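Chemist: Please build the complex by placing chain R on the supplied structure of chain Y, with the hints as guidance.
So the sequence lines, in the order shown, correspond to chains Y and R.
Number 175 in this note's numbering belongs to position 175 of the first sequence; there are no gaps in the numbering.
Number 379 in this note's numbering belongs to position 172 of the second sequence; there are no gaps in the numbering.
FYI, nobody ran anything at the bench for these hints, they're computed from the structure.
Misleading hints may appear alongside valid ones.
Unchecked claim - Chain R residues, not near chain Y, derived (Cβ > 12 Å throughout):
id : residue
1  : 215
2  : 224
3  : 259
4  : 260
5  : 320
6  : 330
7  : 336
8  : 361
What the hints assert, rightly or not - Residues from chain R shown here face chain Y by an in silico Cβ test under 10 Å; the list is partial:
id : residue
9  : 268
10 : 314
11 : 360
12 : 362
13 : 382
14 : 383
15 : 403
Bear in mind that the values here come from a model prediction, so they are computed numbers and not experimental data.
Idealized CB from N, CA, C, for every residue including glycine.
Letter by letter, the chains look like this.
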Amino acid sequence: MTWLARNWDQVALGLAQHVGISISALAIAFALSMPLGIWAARSDRVQAAALTVAGFLYTIPTLAFLALLIPLVGLGPANAIIAMVAFSLVVLIRNIATGIRQVPPDIVDAARGMGMGDLQVLARVELPLALPLIVAGLRVAAVTVISVSVVAAYVNAGGLGTLIFNGIATDHPPKIWSGALTACALAIAVDTSLALVERHLRRQRSA
Amino acid sequence: MLAAAWQYLVTHPAAFGQALGVHVALSASALVLAALVAIPAAIAASRRPGLAVAITQSANIGRTLPSLAVLALVMPILGTGFAPSLFALTLLALPPIVQNTLAGLRSVEPDVVDAARGMGMTAGEVMRRIELPIAVPAVFAGLRTAAVQVISGAVLAAFIGGGGLGDFITAGIAMMALPQLLVGAIPVTLLALGVDAAFGLAQRRLTSAGMRAA
Chain Y
1 MTWLARNWDQ VALGLAQHVG ISISALAIAF ALSMPLGIWA ARSDRVQAAA
51 LTVAGFLYTI PTLAFLALLI PLVGLGPANA IIAMVAFSLV VLIRNIATGI
101 RQVPPDIVDA ARGMGMGDLQ VLARVELPLA LPLIVAGLRV AAVTVISVSV
151 VAAYVNAGGL GTLIFNGIAT DHPPKIWSGA LTACALAIAV DTSLALVERH
201 LRRQRSA
Chain R
208 MLAAAWQYLV THPAAFGQAL GVHVALSASA LVLAALVAIP AAIAASRRPG
258 LAVAITQSAN IGRTLPSLAV LALVMPILGT GFAPSLFALT LLALPPIVQN
308 TLAGLRSVEP DVVDAARGMG MTAGEVMRRI ELPIAVPAVF AGLRTAAVQV
358 ISGAVLAAFI GGGGLGDFIT AGIAMMALPQ LLVGAIPVTL LALGVDAAFG
408 LAQRRLTSAG MRAA
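If we strip away everything but chain Y, and leave its shape as in the complex, we get (with noise of 0.2 Å):
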């Protein structure tokens, strides 16, 4: 505690770099996912294929993916944030497919019958009923994120993964348990948030 209250500045610069190169990550999986998961939507064969190629992203080790990319990308921000992009696809681009599929026909039919167009179908009607479920995905891939980015300081990437390995090589458990534990604050906080959105787009959907 005592080593919290006068290194705090250090806990907070690494909360924020931690902060930042989550919510870099998850714009660009998010931008990426979503023509994918529209597209994953309207056809078997392309949802089965993004969803077997992402699948197989997200199963290799954390660690073993930074490591792979040091070759190709070296150590650094980036590096990280390739490897935070590629596990967060399959749980987003299998959410807004899912998302899309379930909206009933006739409320599609409906939309179209008023003279709506493909695009406006898309934006006005199956978008906005996805919603809950893009928010859930985003929500998993948040979390994931937030994993992904702990480890990543290992590779030069900041963050509050800087202060356990610092605390670890300095056999400082003060240090480490500060890294550790707002890490944990920090996902348990978007997880819980995140709930809350989720929760209150389906309550205003089904009412």
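Modeler: Same frame as chain Y, but now just chain R:
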């Protein structure tokens, strides 16, 4: 670079074999220990709503915790080495097994249980002969998720002296020795993909014929 990695592998067969052995032993024991705790806990919870809520909520929290943070938190308390790593990895494997087993048991239709009771089965018989067989595919889905997570977590155990293939990766990164790094990273990736595929196959095989047809 792959040739250099292969060269490293054939010149260090004993070290590689030892690391692979530790990695498999660590992952397999964590998975078995977690299953021994999680499956009975889920069975007990399926009969007690209060316990089910408590277990589900802790599993939800447990699943969000970063693996490396859990390993790092265990180290100052239990020290470094195989046993602390095993403890942390077992903790990490619990949530997916509990969640899936509970979901599998809940998916059993009340009518089916009623029919079995009507045939004169006791609660224990209903669990053994009806509910568990129906839940088996879900249990295996949980074991599969947990196995992949544990193999991935066991790589991180290298940071707290747990040994395993992660040792090659950390040493390779520290010395920027790429062949050594690949000797850790490629086999552990293949191990994770192989175990995932094997569990997927087992899951399909163990689904009872009646349920497959349905």
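Chemist: Find the hints from earlier in the document that the structure breaks and name them by number, from lowest to highest.
Modeler: Result: hints 8, 10 and 13 break, sorted rising.
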